[in-house]
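Visitor: Build the full structure now, drawing on both the sequences and the hints.
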Amino acid sequence: MMWSQQLQQRKSLSAAAPAEIPDCISLAWLGHLSIPKQRKVLYYTDDTAMARALVQSLLAKEAFDEVDMAHRFAQEYKKEPDRGYGAGVITVFKKLLSPKCRDVFEPARAQFNGKGSYGNGGAMRVAGISLAYSDVQDVQKFARLSAQLTHASSLGYNGAILQALAVHLALQGESSSEHFLEQLLGHMEELESDAQSVSDARELGMEERPYSSRLKKIGVLLEQDSVTREEVVSELGNGIAAFESVPTAIYCFLRCMEPDPEIPSAFNSLQRTLIYSISLGGDTDTIATMAGAIAGAYYGMGQVPGSWQQSCEGYEETDVLAHSLHRLFQKSL
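All you need for the numbering used here is the position in the sequence shown, starting with 1, plus 81.
None of these hints come from the bench; they were simulated from the model.
One thing to keep in mind: the hints can contain errors.
As the list claims (entries may be wrong) - Simulated crosslink set (DSSO-like; lysine-lysine; CA at most 27 angstroms straight-line):
hint, residue 1, residue 2
1, K297, K222
2, K175, K196
3, K142, K181
4, K175, K159
5, K181, K159
6, K142, K160
7, K176, K159
8, K142, K175
9, K181, K196
These numbers were taken from a predicted model, which means no experiment stands behind them.
Guide: So this is what it looks like as structure tokens:
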């Protein structure tokens, strides 16, 4: 069933737009706490490019269509290859562009000697799925399929599912951090209990249910009075692997529900989330993009400063896409 409640419109629109803002800001100010004062346009990376392509596919087909989405991903890369794409996904896109490609999932499955990628590329672009579908089973199903077009390892697509669920829950409205985590943990413990997830984690020498384990760590970190950025990175990570970035983004969102003494009080909760995410270093654009999508879904457009919107390349188009997605799927009810 598609998203129907009028109550959600303002928040659902804001899950897409704030996700682009940290992508732009963090690319130019990696690891810096201050916000840029100059007026020049900040360019977005592959994170926003792929998120847009995903939404454009949903709009064009009025549903999830793996062939159309895969081709849009590949064509977007071909059109502007200098957005910061990783070497692995470039290989996938080149195969998808070949007229010989008959199965759009095969190039991703063939990566890394058939093991697939566990990077965060599927998670960074997935927010549009949460905007289009209200049923949690649909959110999980289409988050998985959209991620598997480029990330065939369960450690990759489970990260996309977790991110989609976080945006989905944020759209539901007010929630304590404890309840938010409990709901995510319940979903992920079930998802990670399947044989493929257990096998993939074991092959990397990880604990069984790595996402569930990190969600529990988030709960522990949130209970502590003072946690350094170094401790957060040590416990949760800040890398390009989905399991080292999606839980980190969720932690950033939950932590920044409350004021941070190291971040000026003039900044609101959404701004605080983005600033803190970027300050962790590592894969800043993607972590901040994911945290921004969750925070945007939770707080709404009212917390996105106009000056931040105007500083980002293509912000108006992103806003139009979000409005179009909402209108289309409401109309189909």
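Visitor: Would you mind marking each hint as holding or not holding in the structure?
Guide: Here is how each hint holds up against the structure:
For the given pair, K297 sits about 24 angstroms from K222 by alpha-carbon distance, which is consistent with the 27 angstroms threshold. A hinted pair counts as satisfied when its Cα atoms are at most 27 angstroms apart, and K175 with K196 qualifies at roughly 19 angstroms. Distance check on the hinted pair: K142 and K181 sit about 23 angstroms apart at the alpha-carbon level, within 27 angstroms; holds. With a CA separation close to 8 angstroms, the supplied pair K175 and K159 stays within the 27 angstroms bound.
With a C-alpha separation of about 17 angstroms, the suggested pair K181 and K159 falls inside the 27 angstroms cut-off, and the hint holds. The straight-line distance between the Cα atoms of K142 and K160 is roughly 21 angstroms, inside the 27 angstroms bound, and the hint therefore holds. Of the pairs offered as hints, the one joining K176 and K159 holds, with about 12 angstroms between alpha carbons and a cut-off of 27 angstroms not exceeded. Of the supplied pair hints, the one linking K142 and K175 holds, its CA atoms being roughly 23 angstroms apart against a limit of 27 angstroms.
As the CA atoms of K181 and K196 are separated by approximately 22 angstroms, the hinted pair is consistent with the 27 angstroms bound.
Figure legend: structure checked against the earlier numbered hints; every hint is met.
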